[in-house]
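Using the sequences provided together with the hints, build the complete structure.
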Amino acid sequence: MKLQEYQAKSILKKAGIPLPASTLATNAVQVKRIAAEIGYPVVLKAQTFEPGRGKAGGVRIIQTESEIENISNEIFKLVLNQHPVQFILVEKAFTFSKEYYLAIFSDLDAGTPVLRLSEAGGATYLEPDSFKNARVVDRPININLGLQDYQIRGLVTTLGIDPSLWKQLQLIAHKIYDVYRHYDATLVEINSLVVTQQNQLFALDTRISIDNQSLFRQESLSDSLDQSYFGWEERQALKYDVDYHSFPGEIGCMVNGLGLAYLTIDQLISLNTLPAAMIDIHGGATSTSISSSLEMLLLNPRVKAIIINIFGGMTRCDETADGLLQALDKGFPKKPIFIRLEGTNDDSGLDLLHKNENLSFFGTTEALVNAAVGWLREEEE
Amino acid sequence: MKLQEYQAKSILKKAGIPLPASTLATNAVQVKRIAAEIGYPVVLKAQTFEPGRGKAGGVRIIQTESEIENISNEIFKLVLNQHPVQFILVEKAFTFSKEYYLAIFSDLDAGTPVLRLSEAGGATYLEPDSFKNARVVDRPININLGLQDYQIRGLVTTLGIDPSLWKQLQLIAHKIYDVYRHYDATLVEINSLVVTQQNQLFALDTRISIDNQSLFRQESLSDSLDQSYFGWEERQALKYDVDYHSFPGEIGCMVNGLGLAYLTIDQLISLNTLPAAMIDIHGGATSTSISSSLEMLLLNPRVKAIIINIFGGMTRCDETADGLLQALDKGFPKKPIFIRLEGTNDDSGLDLLHKNENLSFFGTTEALVNAAVGWLREEEE
Amino acid sequence: MSILISAESRIMVQGITGRRGHFHASQMLKSGSQIVGGTSPGKGGDWSHEGRLPIFDTVRDCVDATSADVSVIFVPPHSTADAILESIDCGVKTIISITGSIPLQDMMVVKSALKNSDSILVGPNSPGVLVPGIANAGIFPNDIAFQGNVGVVSRSGTLCYEIVDTLKREGIGVSTVVGIGDDPIIGIDYPTCLELFEADPHTDQIVLIGGPGGDSEIKAATYIMENVTKPVIAYVVGESLATSILRPFFSRSGSLSLDSLGKKTGALIDASVRVAGKLSDIPAIIKS
Amino acid sequence: MSILISAESRIMVQGITGRRGHFHASQMLKSGSQIVGGTSPGKGGDWSHEGRLPIFDTVRDCVDATSADVSVIFVPPHSTADAILESIDCGVKTIISITGSIPLQDMMVVKSALKNSDSILVGPNSPGVLVPGIANAGIFPNDIAFQGNVGVVSRSGTLCYEIVDTLKREGIGVSTVVGIGDDPIIGIDYPTCLELFEADPHTDQIVLIGGPGGDSEIKAATYIMENVTKPVIAYVVGESLATSILRPFFSRSGSLSLDSLGKKTGALIDASVRVAGKLSDIPAIIKS
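Protein chains in written order, with the working numbering: chain A, 56 to 436; chain B, 56 to 436; chain C, 383 to 670; chain D, 383 to 670.
Rather than coming from a laboratory, the hints here were simulated on the basis of the structure.
Mixed in with the good hints, there may be bad ones.
To be verified - In silico contact screen, one side only, chain C against chain A (beta carbon under 8 Å); selected entries:
{"no.": "1", "residue": "ILE516"}
{"no.": "2", "residue": "PHE522"}
{"no.": "3", "residue": "PRO566"}
To be verified - Covered stretches of chain D (in silico footprint by chain B; criterion: 3 or more residues with CB under 8 Å from a CB of chain B, positions within the stretch not fixed):
{"no.": "4", "segment": "428 to 434"}
{"no.": "5", "segment": "441 to 453"}
{"no.": "6", "segment": "490 to 504"}
{"no.": "7", "segment": "512 to 518"}
{"no.": "8", "segment": "603 to 611"}
{"no.": "9", "segment": "647 to 657"}
A virtual CB, placed ideally from N, CA and C, is assigned to each residue, including glycine.
Okay, structure coming up:
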């Protein structure tokens, strides 16, 4: 889960990292008042999860009060990838002599945190290309030992950073590592870390992502999970702990496990067809989450046919059948359902379902997908 | 460094460990007022570092207001090992059904923290005998992994503690481990941890010791270092980072290193003589700390003769000589000084000292100590 | 005859009284696996499964009493790292975490602890290790496979079932099926499994199932090129030509990921691995 | 010929521009030790000791440039653990911490890290390792000893000097002198040193100097009984009969400690170690 810029900054500020003064605003009048408090020049920053904020005109430097309301209103009118801008962060504008990039991120292949320092100020770990042509130094961290001073020294000496900045940089590195650990982050990024004319380090921009699997123990962050930002299906998916993906096709899919999801999509694509939605109920789903998942597909007007592809290990086929019947009994729109149900307790699961007229049964993924696509083709003709 | 009971309790309270209400008092009137606030019965506890507080009458349960002032005054009149009682902790008295001992302590031989749970409520790690006849379970903790839940489960199941108490005990164990780590403790002890009639765990008494070598980074504790409790020599020793020990003899000793301290004492004892004081200046001492150490011996009225036994490795003999001359030039009382100065830069050190008339020089520890004791014997006759 | 577990393995279940742990312990018993007991803190001393399996409070107690050397973990995600560390501390040789979705930093702690131990972790988010006729140490559907000489290793659990089921339909038996798990940070990886299969006299061919995300299939390809002499057949799901069409639609909150087109199949082909275009092509390649 | 360091050892100094590090690096140079460089973060690229020793910012840089395999540490106590961890991370084989009084929990972290490495730590609070004529990797006074066949191991630094000085006066040479350090938590212990001396062809007899506190001398006695064939002579300071007189006077703030009377000498005598009543008795026992 990515945090909004203002959320990330509030966490880093609490951790004692030097940041420019900033306050969140929801309308142009607020923006003007805050700018007056902070003092010009200020930077207005649209708060959004969408990429391309800068190019779209969502980040503007304002020198004088005269232009601020107009520009604020321009920013509030921006719609990025269908999401309107709701908040602007008003921030003190800074002049600086040099900028660096400093981050802790999770290296999933190695299974360790990594400390990165680079001369590519403003880059982001999420876009590897942004480090092109800049010197980058990484240090893996043994999570059981924690970040050590000598590792930070290794970075600053390799990049030839002036010794007068080491102590500050060391302190900031330890603090972002503490934030990384404390908040179960996968990324804590300062981009960029700037050197002011007074030889002070300041964190100009920041980015924090949190491990979704750890949210249960990050109570202080649960409010940050900005659900208003998601559609109904995405909120349902979060609620029932399933994975939901929306695509521009007409067949809704429900599978158990990422592998089956890919396999089903691969088979659809080999027939030049896209799914409308892909729901992964994961291993060991309960009948409630299965029922809710089918409900999402039945209620989705774009979905004309439904593929259910379950190979149960921990997912019990009798429980799956039970969940499916719960949704089917609710009187939602009827749609043809192509189902493959195999694995743990499949006999009793199939017994439960066999009388339902909307369902047709298949033995393999290939047969299942072929039949669904075949039906769709006939409908279209 | 041991903390006083009230200091330890304030740390544990801040860490969220359930403790009976308590407040510190410096006179009988305060005691009475606090007791009224807390509600009877209360326990009055003399605050002292000395052992034998209970036997001396320093811990008293008070049932009613009528007796509290008299008993408070009795406690304030106590003198334990020459230290008068200055503070009383007034604490809510508790009834409980069962008591346990729970602690984290440093196992120096193994080089790990250890979690201990025992049925010997009220025991202390500092007195191994106090665990006799009680079941004790220890678990070494890998400090780089930290305390794990399964280790706590291992303790509670081995002692057969009721599962309804596990969650509370787990939480308290994690919290005292956090205190142990955060404050660089060598011991965090809850003795005893009691089970109330409501099946709640409470920490009735506690003991915390801090690693002296870590005090430099424990700023919040530096006030706790109750210097009023120490004599002038002990405070000087803390200031100049030397080790000071007082004994009932008449020869003051200054050595570099624990080994030489023992060797010198052994040799004195073999001649049926005790030192008056033993100052270990450690390796690499500066001339200032050497000068201050000699000053302590010159000013100590019990010291009739001085032994200086230096075998310099990191301690440079020229620097030692320099420090000694600084003290000798200050016009303090003159005393015969028996010195052995060998090792790094001994030639230049001896050159500096050779003209001083108070000094006589020796080549070995044995010769040095023998001469000093011989002189003392002659004086006494 | 098999890798990771054998006929001598003594299998325990951590979380044996939970809904899933209890059910799958029954399934394992049905499959004839040698289950020796399980843990459920607070219920030590009781028996489960009609008195067939003793319950212990701790892994230490269970190992001491039963000499268990394989543990299958069904405890909830928030206490899985603790359960793994407990088994490592007790010297359990093969630790299989069925539970997935474990906090990433918990897994980093576990990985670091594993390095300094003799234990092997399979998973998390693994379907287990299956040696047909010997043991189903996990959640494989029963009777999904029969004994043979093909070793299977897969990140995805459901694809594990798919391929083994497909092989069975085509009359191909398997030596061992290992689901290494599809969580972002896992224990045993492809190279170690390949090393074990290479050394196993009852494995003649190896099937490797991959998927998008991470670079573990690339590492596998490198390892195969340098160390594996037995024929390897691979199938990488989600890497079909047209997958790139889907890129713009991938959700913020979901866990689907995408690779550069053909990156992994390309590396495997370079390592002389025969790559199946479809999962259902694998039996024919094995027989060829 | 020696243990822990040899004529091939390439010695570096961590903290080479500090007051103590600089002085003792000079002393080491005078003694003919093969010093190859040192570290002082921020001064990398400079030279010290009249241009004889290159300075580096990090141990990694120093090891890469000089192939140093022994490091002698003189940095302040608060950064010593970091310095040791840095050397472990760079694969330095023998790490000697002259600095003492290191926070106890820092040393616990270091001990745990050492277990998972191939490095050996001598100290903290060690006088170093002395191989007369070859290297003085530490702070031993120069010319304190000459080459011979007696190995010396001691917790106390000053007693190390005392005994080696005494041996020299009596014409006895030493193979290696190891000060294992007198901090509460240390790296290499008596048993490991004894094992190395036992295996060293140039060591014929071993002198072990002990003191009060801890139980390391007891462990040494057990190890000697089971593993050491060479004659061992021991002296345990502070364990004379009358020491018990002193018990009531020991200070709260100081670090003197007391053992039960004769506990350690008793254990050593049981292990057939010849125990000297006085330090000055040792040469006669060696010669007997």
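- Item | Hint numbers not upheld by this structure, sorted from lowest to highest | 1, 4, 5, 7, 8 and 9
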